[in-house]
Amino acid sequence: MSKDEMVEILPLTTPARIDPNAPLVQVQDLEVTFVTGMGDVQAVRGISFDIFPGETVAIVGESGSGKSTTATALINLLAGNGHISGGKILVDGTDITRYNENQMATIRGKVIGYVPQDPMSNLNPVWSIGFQVREAIRANGIASGRKDVQAKAIEVLQQAGLSDAERRMKQFPHQFSGGMRQRVLIGIGLAAEPRLLIADEPTSALDVTIQKVILDHLESLTRNRNTALLLITHDLGLAAERATKLIVMHRGKIVEAGSSLEILQHPQHPYTKRLIAAAPSLASRRIQSSAVARVVDDNVPDMLRLAARHEAIEAKLDNAPIAVSVKDLRKTYTIRRGGFRSEPLHAVDGISFDIHKGTTLALVGESGSGKSTAARLILGLEKPTSGAVTINGTAMTGVSRSDLFKLRRQMQVVFQDPYASLDPQRSIGAIIAEPLRVHRVGDRASREARVEEILDQVALPTALAHRYPNELSGGQRQRVAIGRALALKPDVLILDEAVSALDVLVQAQILQLLADLQEELGLTYLFITHDLAVVRVVADFVAVMDQGKIVETGLTDDIFDHAQQPYTQRLLEAIPGAGIEFAS
Amino acid sequence: MLMYVGRRLLQAIPVFFGTTFLIYFMVFSMPGNPVLALFGDKTPNPAVLQRVMEQYNLDKPFLVQYFLYLKNLVTGNLGVTFSGRSVNDILARAFPVTLKLVIMAVVIELLLSVVLGLISGLRKGRILDHSNLIISLVLSSVPPFVALFVAQYFIGIKLNWAPVTVGENATYATMLLPAIVIALTIYVTGMRLMRGSVIEAQSAEYVRTAAAKGLTRRRIIPVHIARNSLIPVITNSGASFGALIAGTTVTEGIFNIHGIGNVLFKAILLGENATIVSFVTILTVLYVLVNILVDLLYAVLDPRIRYV
Amino acid sequence: MSDRKIEHYVAPVDPADEIEVDRVKLGDRRSNLWIDAWRDLRVRPLFYISLGLVALVSLAAVWPSLFTGVDPRYCDLGLSNKGPTAGHLLGSTFQGCDVYSRVVHGASTSLSVGIFVVIITAVIGLPMGALAAYYGGWVDSVLSRVGDIFFAIPYFLAAVVVMSVMSQHRNVLVIAFAIGGFAWASLARILRAEVLQVKNLEYVMASEAVGRSRFATLMRHVLPNSLTPVIVYLTIALGAAITAEATLSFLGIGLPSHTMSWGNDISQAQTSIRVAPMALFWPSLALTITVLAFIMLGELIRDALDPKARAQR
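Chains as they are written, first to last, in the working numbering: chain S, 1 to 584; chain E, 1 to 308; chain D, 1 to 313.
Keep in mind that a hint or two might mislead.
In silico EDC-like cross-links for lysine to aspartate or glutamate, where the CA-CA straight-line distance does not exceed 16 Å [as the list claims (entries may be wrong)]:
1. K253/S / D14/D
2. K124/E / D303/D
3. K489/S / E520/S
4. K357/S / D491/S
5. K170/S / E193/S
6. K383/S / D349/S
7. K383/S / D403/S
8. K273/S / E311/S
9. K549/S / E520/S
10. K489/S / E453/S
11. K253/S / E31/S
12. K357/S / E519/S
13. K327/S / D349/S
14. K406/S / D14/D
15. K489/S / E452/S
16. K88/S / E31/S
17. K383/S / E208/D
18. K88/S / D29/S
19. K5/D / D443/S
20. K489/S / E519/S
21. K25/D / E343/S
22. K383/S / D298/S
23. K170/S / D302/E
24. K5/D / D50/S
Keep in mind that the hints were calculated from the coordinates and are not lab data. Computed from a predicted structure; not experimentally measured.
Pulled out of the complex, with its shape left as it was, chain S reads as follows (with noise of 0.2 Å):
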């Protein structure tokens, strides 16, 4: 991999010239090393596949897999410590991996763009939009001039979908929401017509709604040029709905790859099916379609039976106290705007719901929504401006401090940042046995006792009570979360997108070990989430909420058939997936 050679540098050829049978890209046997502290780790371990020209190709898989690192090699954008140890990436018939830096950067932009996942993080701060889209007209030679390039740069944000592009140039990412960062940021990647587009998880950054408008708006502007589209996601519902072929990636292999709907109806690859069987965003539609009904065996953890405990709820519901009430809850924050003037912040507007002993409320909204806010205000983490929270029909607000500290006891909660949530200076054992001493319960053997059992309960080692959280991965870390939230015994549990950090596989388990849980110990679940396909399988009853309200309430089966409200129903059309036709 001389870069001193001079390589042809490819002839930038356009589309009408092109042979649609040819492919475009050709990926042959690459691997890619990164250089650590602990000596070299291959991310990818050769792997090959064509993308052929205007294709839209998805590549999916979990953290680990190799999929970003396959994108970033592409335009060998790697890491710093990474490079590519072997293979060859021919575009055009010409392999790019002996590119030099120069020659790299006349492929970048002009004949394959990037579409980064993270809006916040991908744009520079001190930078105008204009400066950022300019700078990439002028690089690739797209105009010249200082009117040609300002015009043509409005003419790029207008296409990207941002009303008032003009006003806009002027501004600066930290102004933009997500949405319209990420608009930006397909708009460069697109500014020099580039004949591939590589988009690296576009939209797992953005809400659920916002996502499905931006997808399908890639895909117009794709399909109008002609550009080739290679979707990196971890979402196979979403990469099925999008792309006609599916690569599953797992470990720096390839190890299944087909016509989406051949794989998502066939799979053959015992990790694919796992995959699809893990997977919440086809659980709805595979409830529908009984062409992909049994996938894996019962001791693997299937979204559809988990899915199925739900059913028959309305037995359940006639014996069963309700163990946590909201009544018209309500929280108002004041904030600043701008010189003196402040105003009233509804972050929580009245909200009631019931729960019944032993079943799952999931609490649906995008950011912003309130939910999370909600969640504090039930924890007793924060006083309500209004309303009541009552649980086992005793009031939680409006008590004293040490009152509220004896109902601690019922109610417990798991957070979402596996990586934030347990205290890096402490022992594991120390984090799960910590309400045990802050509510003085037992003394030191009979703690260290309840420490293993609750060890054994979420399956994870007993040797780890001495060991760090460092040690652990996302899923075990979450895993000595909820033992924690365990420790005191509580009837309720509040999960505050608890699962959503986590790669779908892990996702499984943990919801596997959730129901079972439920199941044994008699738990009462408050579910929070931003994910409906999540909650199509876990919940037993909806509400929805959007701007502080809910808008609507549910049995799970009766919203995701019959949903009455417009924001309800949006939401659900979001849901990545929704739009796949499986052949019955």
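Based on the hints, put chains E and D in the right spot on chain S.
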């Protein structure tokens, strides 16, 4: 942006009152006779004693004293030194000299910080980086007054490359040596900040996006890496200015530069506490103003701050 | 879109690539922030060098007679400004005192001032910064304003004022308060910034949800996790305090001239710099090396504790 400027100026007001009050309090509320405190170890000449008592209104209640003192400060009536010279006169002549020295030191320090920090950050882990880190560490450990002495001795006396004392001839050229020496003792903080930001910026996602657009390294380094890395260095320069001010006292003393620091230096040696108080107050107010300027500069460099 | 047939490729199932999901892999080495930092420091030669220097200086401070038998106060004018002679390894000062002995005895002064300054800075700065950040609201406004005021006065100038005023009472404690009484403001700022970040982490919320009081959460969870920048700052502050004391002594408003201080020695030696430069050189060297040792230690500890640097290990 205007809101930010306004708010910043507003914040400066309590700080201004607070610091002047604190300095005044330290001197005049300490245990013991405040008059004796002003004169240190010396016995006062009755005439001077009378003038000082009037100047500081020592016969009036404490808070009144303070406000009268403030009023004098603000209206430019800064009193006299023990030798009878008007503080205003001294300031008028000494300030430009110190200004020249400080400007030179700041410029050299910023150049060193930014350039060495950029090189170190881009060549992290290599020889240039390691040697830069070690050299800067050693330089920052040498106490400034020692460094100045050594420089004066070796470069001034032994090698005779630069004037040993400056005296009346306070030009940029004659003050170059002390400016360089001071800059060498304080550049390390800024350099480390620049290096740290450059290292972070190199793996920043927006840098990857810039490269994905088709930009070359030649454009990315100055426009995206260096530009963003400047911010912490500039914000830190306010704090390093404080070290600079403290440094000018010793510097002007050793090299006999007739600036504000020198007056302070002599006042310290002679024990003229009243003068010390006046000049420390002036230097502190200067420091507060410089910090305000630095904050404004920060807003120019970082648009996120302007709209908060 | 062409009607190309997309072939269905299935990789052979490789038993080596088992699909066991999320299996717990415990290394044989335990690992947390402090253990990892220690492992990193352990292999660096510079760590031992700076630790050794610190130990050496501390030993000289605590047990000067281990290093020299000569009485530093015994001065024979007959030896004034002489170079190295028998019994006087490094020569004599202007007044005929033994340079080496004075250097050794000066260590305890410098170190005491440094340690006291660190203690005062920590005792004032830590609560101010932590409480302001954790409780927020008006507590933050008040405490931050106070911190701003103290921060606005360069601590050296403030020390100059205090020491000038306290002309009758110059000793180690007074100097320490003169310096530390203003230097705490920087520490408060640094801690405040760190606590502001840590307090939003979910394990802090979890602690409150379990029922701990806010104050208990602050002490048990927030503070221990905010210590990294504090430790770094304090080691550097120690070096800076020693320099400040030396500078003040050099100007004549530090410790009284009869106290053994490197700054005093340098001040007294400047008049005879052309005749006997060594009397100035040795205390300067001792000063520089001491400060260097502490600052280097601080930098190494910072690198060891820095999560970003750790991630690349």
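Evaluation of the provided hints:
At most 16 Å may separate the alpha-carbon atoms for a hinted pair to count; K253/S and D14/D meet this at roughly 11 Å. Taken as a hint, the K124/E and D303/D pair is honoured in the structure, with Cα atoms around 14 Å apart against an allowance of 16 Å. Simply put, K489/S and E520/S have alpha-carbon atoms about 12 Å apart, close enough for the 16 Å limit, and the pair holds. With a CA separation close to 8 Å, the supplied pair K357/S and D491/S stays within the 16 Å bound.
The hinted pair formed by K170/S and E193/S fails the criterion: a straight-line CA distance of about 24 Å is larger than 16 Å. Of the pairs offered as hints, the one joining K383/S and D349/S holds, with about 14 Å between alpha carbons and a cut-off of 16 Å not exceeded. The suggested pairing of K383/S with D403/S holds, with an alpha-carbon distance near 15 Å, which does not exceed 16 Å. For the hint linking K273/S to E311/S, the alpha-carbon distance of about 24 Å lies beyond 16 Å, and the restraint is violated.
A hinted pair counts as satisfied when its Cα atoms are at most 16 Å apart, and K549/S with E520/S does not qualify at roughly 33 Å. Between the alpha carbons of K489/S and E453/S the distance comes to roughly 12 Å, so the proposed pair stays at or under 16 Å and holds. Our distance criterion of 16 Å between C-alpha atoms is met by K253/S and E31/S, whose separation comes to about 10 Å. Between K357/S and E519/S the CA atoms are separated by roughly 11 Å; this keeps the pair inside 16 Å, and the hint holds.
Among the hinted pairs, K327/S with D349/S is consistent with the structure: their alpha-carbon atoms are about 11 Å apart, no more than 16 Å. Restraint check for K406/S and D14/D: not satisfied, since their Cα atoms lie roughly 54 Å apart, outside the 16 Å limit. About 14 Å separates the Cα atoms of K489/S and E452/S, which keeps this hinted pair within 16 Å; it holds. A threshold of 16 Å between alpha carbons decides the hint, and for K88/S with E31/S the separation of about 9 Å falls inside it, so the pair holds.
Taken as a hint, the K383/S and E208/D pair is honoured in the structure, with Cα atoms around 13 Å apart against an allowance of 16 Å. Between K88/S and D29/S the alpha-carbon distance is near 7 Å, which keeps this suggested pair within the 16 Å criterion. Of the supplied pair hints, the one linking K5/D and D443/S is violated, its CA atoms being roughly 68 Å apart against a limit of 16 Å. Using a Cα cut-off of 16 Å, the hinted pair K489/S and E519/S holds, with the two alpha carbons roughly 14 Å apart.
Among the hinted pairs, K25/D with E343/S is inconsistent with the structure: their alpha-carbon atoms are about 52 Å apart, more than 16 Å. Annotation: proposed proximity of K383/S to D298/S is violated, straight-line Cα distance about 45 Å (limit 16 Å). As the CA atoms of K170/S and D302/E are separated by approximately 15 Å, the hinted pair is consistent with the 16 Å bound. Proposed proximity of K5/D and D50/S is supported: the alpha carbons are some 13 Å apart, at most 16 Å.
When the structure is compared with the earlier hints, violations turn up for hints 5, 8, 9, 14, 19, 21 and 22 and for no others.
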